[in-house]
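Asks: Residue numbers (numbering that gives the first Met the number 0), protein chains in the order written: chain A, 0 to 226; chain B, 0 to 455.
None of these hints come from the bench; they were simulated from the model. Hints may be right or wrong, so weigh each one.
Dumping the calculated DMTMM-like pairs for lysine to aspartate or glutamate here, alpha-carbon to alpha-carbon at most 25 Å [as the list claims (entries may be wrong)]:
no.	chain 1	residue 1	chain 2	residue 2
1	B	K239	B	D167
2	A	K1	A	D41
3	B	K239	A	D44
4	A	K163	B	D316
5	A	K163	B	E320
6	A	K163	A	D192
7	B	K239	B	E102
8	B	K239	A	E110
9	B	K233	A	D181
Quick caveat: nothing in here was measured; it's all calculated off a predicted structure.
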Amino acid sequence: MKPQTAAILESCASAGWVVEPLARRILAEYGLPVTQWAWARDLEDALEAAAGVGYPLVVKVVSPRVIHKSDVGGVVVGVEDEQGLREAYRRMARLPGFEGVLLDEMADGLELIVGAKNDPQFGPVVLTGIGGTAVEIYQDVAIRMAPMSPDDAESALESLRARKLLEGFRGAPPVHRESLVDLLVRFSEMAHDLGPAVESIDLNPVFCGPERCVIADARIMLPRNQG
Amino acid sequence: MDLSRLFQPKSIAVYGVSLTNPFHPANVIYHKNHLRYRTATYAINPRGGDLYGEPVYRSIDDVPGPVDVAVIGIRAERVPDALRECVAAGIKGAIVISGGFAETGRQDLQDEVAHISRANDVPLIGPNCLGVFSPPVLDTFFLPPERLIEIRPGGISLVSQSGGILVDLMIKLTQEGAGIARGVSIGNRAALDEVDLVRFFLDDPATTVIGLYLEGFRPGRGREFADLLERAAKPVVFMKAGRSPGGSRAVASHTASVAGDYRVLHDILGHAGALEARDEAEFVAFCEALSSTRSSVGFRNVCIVTASGGHGAVASDECQEAGLVLPTIPAEDGDRLRDELSPSIRDIASVGNPVDLTGSATDRDILASLRFLLGRQYVDGIILLLLPYLPAITPDVGARAAQIARETGKTIVAYVPHIDKYGIFIEGFQANGIPVSHTVQGAVHMAKAIARRAHP
Numbered sequence: 000m001k002p003q004t005a006a007i008l009e010s011c012a013s014a015g016w017v018v019e020p021l022a023r024r025i026l027a028e029y030g031l032p033v034t035q036w037a038w039a040r041d042l043e044d045a046l047e048a049a050a051g052v053g054y055p056l057v058v059k060v061v062s063p064r065v066i067h068k069s070d071v072g073g074v075v076v077g078v079e080d081e082q083g084l085r086e087a088y089r090r091m092a093r094l095p096g097f098e099g100v101l102l103d104e105m106a107d108g109l110e111l112i113v114g115a116k117n118d119p120q121f122g123p124v125v126l127t128g129i130g131g132t133a134v135e136i137y138q139d140v141a142i143r144m145a146p147m148s149p150d151d152a153e154s155a156l157e158s159l160r161a162r163k164l165l166e167g168f169r170g171a172p173p174v175h176r177e178s179l180v181d182l183l184v185r186f187s188e189m190a191h192d193l194g195p196a197v198e199s200i201d202l203n204p205v206f207c208g209p210e211r212c213v214i215a216d217a218r219i220m221l222p223r224n225q226g
Numbered sequence: 000m001d002l003s004r005l006f007q008p009k010s011i012a013v014y015g016v017s018l019t020n021p022f023h024p025a026n027v028i029y030h031k032n033h034l035r036y037r038t039a040t041y042a043i044n045p046r047g048g049d050l051y052g053e054p055v056y057r058s059i060d061d062v063p064g065p066v067d068v069a070v071i072g073i074r075a076e077r078v079p080d081a082l083r084e085c086v087a088a089g090i091k092g093a094i095v096i097s098g099g100f101a102e103t104g105r106q107d108l109q110d111e112v113a114h115i116s117r118a119n120d121v122p123l124i125g126p127n128c129l130g131v132f133s134p135p136v137l138d139t140f141f142l143p144p145e146r147l148i149e150i151r152p153g154g155i156s157l158v159s160q161s162g163g164i165l166v167d168l169m170i171k172l173t174q175e176g177a178g179i180a181r182g183v184s185i186g187n188r189a190a191l192d193e194v195d196l197v198r199f200f201l202d203d204p205a206t207t208v209i210g211l212y213l214e215g216f217r218p219g220r221g222r223e224f225a226d227l228l229e230r231a232a233k234p235v236v237f238m239k240a241g242r243s244p245g246g247s248r249a250v251a252s253h254t255a256s257v258a259g260d261y262r263v264l265h266d267i268l269g270h271a272g273a274l275e276a277r278d279e280a281e282f283v284a285f286c287e288a289l290s291s292t293r294s295s296v297g298f299r300n301v302c303i304v305t306a307s308g309g310h311g312a313v314a315s316d317e318c319q320e321a322g323l324v325l326p327t328i329p330a331e332d333g334d335r336l337r338d339e340l341s342p343s344i345r346d347i348a349s350v351g352n353p354v355d356l357t358g359s360a361t362d363r364d365i366l367a368s369l370r371f372l373l374g375r376q377y378v379d380g381i382i383l384l385l386l387p388y389l390p391a392i393t394p395d396v397g398a399r400a401a402q403i404a405r406e407t408g409k410t411i412v413a414y415v416p417h418i419d420k421y422g423i424f425i426e427g428f429q430a431n432g433i434p435v436s437h438t439v440q441g442a443v444h445m446a447k448a449i450a451r452r453a454h455p
């Protein structure tokens, strides 16, 4: 396991999961592409960092007590300017366990979910599918053992019912297949490396467009008995 | 660990043969093997004595000559000692039929049995199982022969986590005309599990197709099984029980919520090349089709040949659902096919896909259609829906159809209704390597199995 990752996982053991900014650091350590982002601990920080990330942006609450951010108003999309950022910040600062906000670039493209789980029978496995909040409804996913070869990743994409969406549907440009496959392979290597140290990982959504695939949200759940 | 002697023993000792209860499982096993099999069979009971004139030995040490396999049907508490005695006597394998281990809370006894097996490198099946069916040398199923049908010999080897399901599958395969090489009920799988047995069957020359009834893998063994499948040169069919998602801790993670135990297994084993049967009917059809056909052409592009429009329509629907392709027959080929048909049906037959030869079809029309269609590049295989009650169709059609399949190197599967009455029609196909189902759906399942083997 990579050093920074090991330290982060240890520091999060008692919370039982890894908040998004720390999860993003783990992803970065494994060479995975994430959207432009910054973690601001106070409003001044936030206003300064916003210039670096660039408006419009997404503001998300950082709190070890808020797993489902959007359920409690912990996500604001399309913040256009300082005024909007101030409002979003003030609202989020009232949420329990508040540890600042994550400023995130507004990405777009086809929304995929890429996930991992440590399965009792098969060990680390990777899930690839059509993402968004309705993942559980469509369940259009494919599961492979980690690590995956590029061929495994291709076969997972090919087995999706909605695979035509990846190829460009009704005039939409096809997604950048090579970077998607590369992301899947790298992520699967990470899942294999982490093994039983994590219970599950959700990258949801991963935005896939004609030029790149990029991770826009990450949640890492830790095994309950750890720590 | 060498499992070969478990399936091919020259001699066996049956522990637990009762001097007072002729229906004791050990007695059934003893009599079956002693009277019906060629293997030397010895009865063991510490009280000694004799059973209908045959000696009952007090221990394996009293048996004249070496014993390859011990079949143990005594009380669970006494199994470890008996096993140690057998190991000391040099057995090459053990099958523990007895229950009373982990399934009743005696994990300690089960661990002891597993330890004896591993420490001495003696392969062990069970406990709490029916054991091994490996004709004509060994059958440890404690089911009286008169209660079972004669199991048809063949190339399918079965591994089952349930003894009852195993027996059902063997009977159903036999009834459908498919033959069994070996069957193993692995019970509590204290030592050997499904992965070990599938690995053995992959190298076993008697086995051409492996069928597995699965409830679940022990921790980590699913991964080893998937790795094994990646290198498998024989088809592996499996049926999984317990498919409904359990009460998982789903709330926090989409991945954990969607990727339940069954979904993970389904995707990974499918990707590794195993063929999943959703129910017994599919399982039987898959095993039968894969054990009777060898063509490497596959079966993706299917042509349906029928003598009844309704049967053709039902088969078309099933094909669509199974992901099989029904290519359109080009008009010029349709005309050429029509020219091959008898004058009496030439104008009423339908030469689309399905090809409907009507109730006036003769053997000649069927055979001409098969030959013509299998000669087309866009047809991989044919589902032949045969209605033996039609007056111009004869029992010869099966053998002749098989000849065409052989010559073209492509595959035919057949549907023939009503097994008893049309036995001679069915045998014409089956004896010549064409699998037959007694349902239209079953025939499509067979095509699907062959298609999946060629294009996993």
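Asks: Would you mind marking each hint as holding or not holding in the structure?
Replies: Consistency of the hints with the structure:
1. B:K239 - B:D167: holds, 15 Å
2. A:K1 - A:D41: Measuring from Cα to Cα gives roughly 30 Å; hence the hint is violated.
3. B:K239 - A:D44: Roughly 55 Å between the alpha carbons, so the hint for B:K239 and A:D44 is violated.
4. A:K163 - B:D316: Holds: A:K163 and B:D316 sit about 24 Å apart, inside 25 Å.
5. A:K163 - B:E320: holds, 19 Å
6. A:K163 - A:D192: Roughly 32 Å between the alpha carbons, so the hint for A:K163 and A:D192 is violated.
7. B:K239 - B:E102: holds, 20 Å
8. B:K239 - A:E110: violated, 32 Å
9. B:K233 - A:D181: It is violated: about 32 Å lies between the C-alpha atoms, which goes past 25 Å.
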